[in-house]
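Going down the list, the sequences are from chains A and B. In terms of the numbering used here, the first sequence is residues 1 to 418. In terms of the numbering used here, the second sequence is residues 1 to 418.
Worth double-checking, as some hints may not be accurate.
[Claimed, not checked] So, partial list: chain B residues that the calculated Cβ filter (under 10 Å) puts toward chain A:
no. : residue
1   : Ala-31
2   : Asp-240
3   : Leu-392
[Stated by the list, open to error] Quick look at which bits of chain A chain B covers, simulated, 3 or more residues with Cβ under 8 Å:
no. : stretch
4   : 388-394
5   : 398-408
Read the hints as simulated data drawn from the structure, not as lab findings. Fair warning: this is a prediction, and the values are worked out from it, not measured in the lab. Idealized CB from N, CA, C, for every residue including glycine.
Chain by chain, the residues:
There are 2 protein chains.
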Amino acid sequence: MSLENDMRDMGVRARAAAAAIRNADAATRTAALKAMAEHIRTSALYILDANAEDVAAAKDAGLAPSFIDRLALTPERVEAIATGLDAIADIPDPVDAETARWMRPNGLDIARVRTPIGVIGVIFESRPNVAADAGALALRAGNATILRGGSDSQMTVANIGIALRAGLRDAGLPEDAIQIVPTTDRAAVGMMLQGLDGAIDVIVSRGGKSLVARVQAEARVPVFAHLEGVCHTYVHKDADAAKAASIIVNAKMRRVSVCGATETLLIDRAVAPSLLPQIADALRVAGCALRGDDAARAITPMDAASEEDWRAEYLDSILAVRVVEGLDEAIAHIARYGTSHTEAIVTEDAAAAESFLKRVDSAIVMVNASTQFADGGEFGFGGEIGIATGRLHARGPVGAEQLTTFKYVVRGTGQIRP
Amino acid sequence: MSLENDMRDMGVRARAAAAAIRNADAATRTAALKAMAEHIRTSALYILDANAEDVAAAKDAGLAPSFIDRLALTPERVEAIATGLDAIADIPDPVDAETARWMRPNGLDIARVRTPIGVIGVIFESRPNVAADAGALALRAGNATILRGGSDSQMTVANIGIALRAGLRDAGLPEDAIQIVPTTDRAAVGMMLQGLDGAIDVIVSRGGKSLVARVQAEARVPVFAHLEGVCHTYVHKDADAAKAASIIVNAKMRRVSVCGATETLLIDRAVAPSLLPQIADALRVAGCALRGDDAARAITPMDAASEEDWRAEYLDSILAVRVVEGLDEAIAHIARYGTSHTEAIVTEDAAAAESFLKRVDSAIVMVNASTQFADGGEFGFGGEIGIATGRLHARGPVGAEQLTTFKYVVRGTGQIRP
Numbered sequence: 001m002s003l004e005n006d007m008r009d010m011g012v013r014a015r016a017a018a019a020a021i022r023n024a025d026a027a028t029r030t031a032a033l034k035a036m037a038e039h040i041r042t043s044a045l046y047i048l049d050a051n052a053e054d055v056a057a058a059k060d061a062g063l064a065p066s067f068i069d070r071l072a073l074t075p076e077r078v079e080a081i082a083t084g085l086d087a088i089a090d091i092p093d094p095v096d097a098e099t100a101r102w103m104r105p106n107g108l109d110i111a112r113v114r115t116p117i118g119v120i121g122v123i124f125e126s127r128p129n130v131a132a133d134a135g136a137l138a139l140r141a142g143n144a145t146i147l148r149g150g151s152d153s154q155m156t157v158a159n160i161g162i163a164l165r166a167g168l169r170d171a172g173l174p175e176d177a178i179q180i181v182p183t184t185d186r187a188a189v190g191m192m193l194q195g196l197d198g199a200i201d202v203i204v205s206r207g208g209k210s211l212v213a214r215v216q217a218e219a220r221v222p223v224f225a226h227l228e229g230v231c232h233t234y235v236h237k238d239a240d241a242a243k244a245a246s247i248i249v250n251a252k253m254r255r256v257s258v259c260g261a262t263e264t265l266l267i268d269r270a271v272a273p274s275l276l277p278q279i280a281d282a283l284r285v286a287g288c289a290l291r292g293d294d295a296a297r298a299i300t301p302m303d304a305a306s307e308e309d310w311r312a313e314y315l316d317s318i319l320a321v322r323v324v325e326g327l328d329e330a331i332a333h334i335a336r337y338g339t340s341h342t343e344a345i346v347t348e349d350a351a352a353a354e355s356f357l358k359r360v361d362s363a364i365v366m367v368n369a370s371t372q373f374a375d376g377g378e379f380g381f382g383g384e385i386g387i388a389t390g391r392l393h394a395r396g397p398v399g400a401e402q403l404t405t406f407k408y409v410v411r412g413t414g415q416i417r418p
Numbered sequence: 001m002s003l004e005n006d007m008r009d010m011g012v013r014a015r016a017a018a019a020a021i022r023n024a025d026a027a028t029r030t031a032a033l034k035a036m037a038e039h040i041r042t043s044a045l046y047i048l049d050a051n052a053e054d055v056a057a058a059k060d061a062g063l064a065p066s067f068i069d070r071l072a073l074t075p076e077r078v079e080a081i082a083t084g085l086d087a088i089a090d091i092p093d094p095v096d097a098e099t100a101r102w103m104r105p106n107g108l109d110i111a112r113v114r115t116p117i118g119v120i121g122v123i124f125e126s127r128p129n130v131a132a133d134a135g136a137l138a139l140r141a142g143n144a145t146i147l148r149g150g151s152d153s154q155m156t157v158a159n160i161g162i163a164l165r166a167g168l169r170d171a172g173l174p175e176d177a178i179q180i181v182p183t184t185d186r187a188a189v190g191m192m193l194q195g196l197d198g199a200i201d202v203i204v205s206r207g208g209k210s211l212v213a214r215v216q217a218e219a220r221v222p223v224f225a226h227l228e229g230v231c232h233t234y235v236h237k238d239a240d241a242a243k244a245a246s247i248i249v250n251a252k253m254r255r256v257s258v259c260g261a262t263e264t265l266l267i268d269r270a271v272a273p274s275l276l277p278q279i280a281d282a283l284r285v286a287g288c289a290l291r292g293d294d295a296a297r298a299i300t301p302m303d304a305a306s307e308e309d310w311r312a313e314y315l316d317s318i319l320a321v322r323v324v325e326g327l328d329e330a331i332a333h334i335a336r337y338g339t340s341h342t343e344a345i346v347t348e349d350a351a352a353a354e355s356f357l358k359r360v361d362s363a364i365v366m367v368n369a370s371t372q373f374a375d376g377g378e379f380g381f382g383g384e385i386g387i388a389t390g391r392l393h394a395r396g397p398v399g400a401e402q403l404t405t406f407k408y409v410v411r412g413t414g415q416i417r418p
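Isolated chain A (complex conformation) (with noise of 0.2 Å):
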């Protein structure tokens, strides 16, 4: 009961704190952001030390080298999330900004306008940064938020979130607008998915299967998930061959462990014999292994791939290969096997490309360009809390202005409705 108590108690301060951070005005949420910046900076040996703790403990518990890396700051990395409150706080804030207006006939003046969302629930896993960058994307859309870390960070988030809490107070915001749930105890999650009595409007989640397993299944509030991408780069018969081989070993190989990596390659086979190859080799040189279906393999050498291939989101430096009959089957191959995340055609055929951005349903469709590229940084919102794989509200990556919501603001001079 006293888990439950404290939960709900967070609730209820979050929604006080969410109404002052609202109608506060943009510069002291900007003021409250470069504070959060520079608590990061001045606290930098406490947020390590505490670091140093967790990551001690995750090696005593046997946890995998690539956890304890995602877990594990350095002077550097602590800079690194100072530097993103900045960014933050230069993001133009989204709060009040209009997005349409029109007038009626009748003289009524309706504008919407964007307001906050009001408190954002975040349940995420090893790396701590996510703190500090999903309280201060909120924040600069005007929100409240509950952050859930992983248990193994717990020490590390604890640190960052007293940072955070002293440039809230710094501008004078109230301290509650970011709360760090202080227990590792799994049922705060659940509590936090069933929305705290109504407190949560939201629930953004990072994390491994499990996690999303369990957010799939409990969440009685609106969640935006960030689930699998299972990416494709569809090499078409006009393709240049210098872009298919560059886009695709940068789709690929640049980062393997995002979820804008691609994970398949569609080629026509028209031009397989002549582009595979190099396409191939440039891949292998990178140091990527490959699995091809009976076509691609009659062209060069790779390991068979099965129908589980067409479905794995590897995150790992291998690529599923398939030739394809032309742009109908590889949009076949994409709506069947895909996870409606990033898809790339590569052709120098316009009317192609306009087809196949129409008719693949992801939430980014690209043309010549790399899979990669979908990021909230490099679609210019400044920073993300992550990518959205559903299909209502946020789609894609979420920045600030997917971070609020909005009303209709209308203007009248008496109207009355017949």
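Got chain A sorted already, so can you dock chain B onto it with the hints?
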């Protein structure tokens, strides 16, 4: 098991139809909508016959006269359904509309374009015209629908469905873009709320408290809910007396059964002695009963309001009245008792108006206008499927644009990410 298989099959067929509807051009969707209107007209006698059976059964079952009134069709009401379809055909097609476009320093050209949500599940109660309105608005926005009406309107809705599907067929579109659940088994509603194995992208629900409670408890997919409207009109100390009386009588009494009807009048203490008597008289002449706090009752006689009255969505000729100290207290009352639907201020003070518009956190905020303007038609949306009371994606009147989502279209010339 058979119902489950049937429902799952509807989901599969809706998903396939959705892709065809999305990729059709706007003119084809328009042709289908116009053909649907014609089929409603030519099959009016069948629809009226079916409706007579539904009405007879409802009378036998002893259902309330107000329920029967919502259920019953007349030739004029059938023609109104057809006229509504023609009006929806005339709404600009939102699919593929560009809502933003910008260029990145690296030359990437990024556009955000509207795209259909996909498959919309609509769960509604007595009014059979909702089947036509919802199916048609969803189609205008490029979506497929699965419609589940109330069991008491089953025959009527089935016959409306036949006409809608005939219109799709005439335009060469798949009939399965509009499907009517062919059973009164309430288990079908539960299956829709579970999303039919991922086939349903969003649920739109229109109905009473028991349906709302079921949707809230069981939905595993996003919901555009149409909940309570406890709307407020606030008469500020600088209100124009004539506007105040005219707006309040209209906001309360034009139609008492709509969700945008004002349920509570707030009035500043400074002007209550001079304005409240004439407002109260005008309301009483229109047939409205008043329930007030002590301060209001000291000015003009009325019944005493209790705490429940501040939370009541009367949908009846009753108005709660409270005297407040000023803008802050009015806003605090709305924040505490309101449902974030629609609130209005009556004032000639521009600064007070702007403060109210900014600080009140409702879907629609108004100055010097009747809250009964909370309506998609009045907003110029050409129709609506309801007023969404959630905060995400769709908020306020839900028209065709609100039934779309978006994707990012990225046009490059070979860019790779550094």
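Going down the list of hints, with the structure as the test:
This hint is violated: Ala-31(B) has a C-beta 20 Å from the nearest C-beta of chain A, more than the 10 Å allowed. With a least beta-carbon distance of about 7 Å to chain A, the hint placing Asp-240(B) at the interface is held under the 10 Å criterion. The beta carbon of Leu-392(B) is positioned within 10 Å of a beta carbon in chain A (closest approach about 4 Å), and the interface hint is therefore held. Counting residues of the stretch 388-394 of chain A whose beta carbon lies closer than 8 Å to any beta carbon of chain B gives 4, which meets the minimum of three for the stated coverage.
Here the stretch 398-408 of chain A counts 4 residues with a CB under 8 Å from a CB of chain B, which clears the bar of 3, and the coverage holds.
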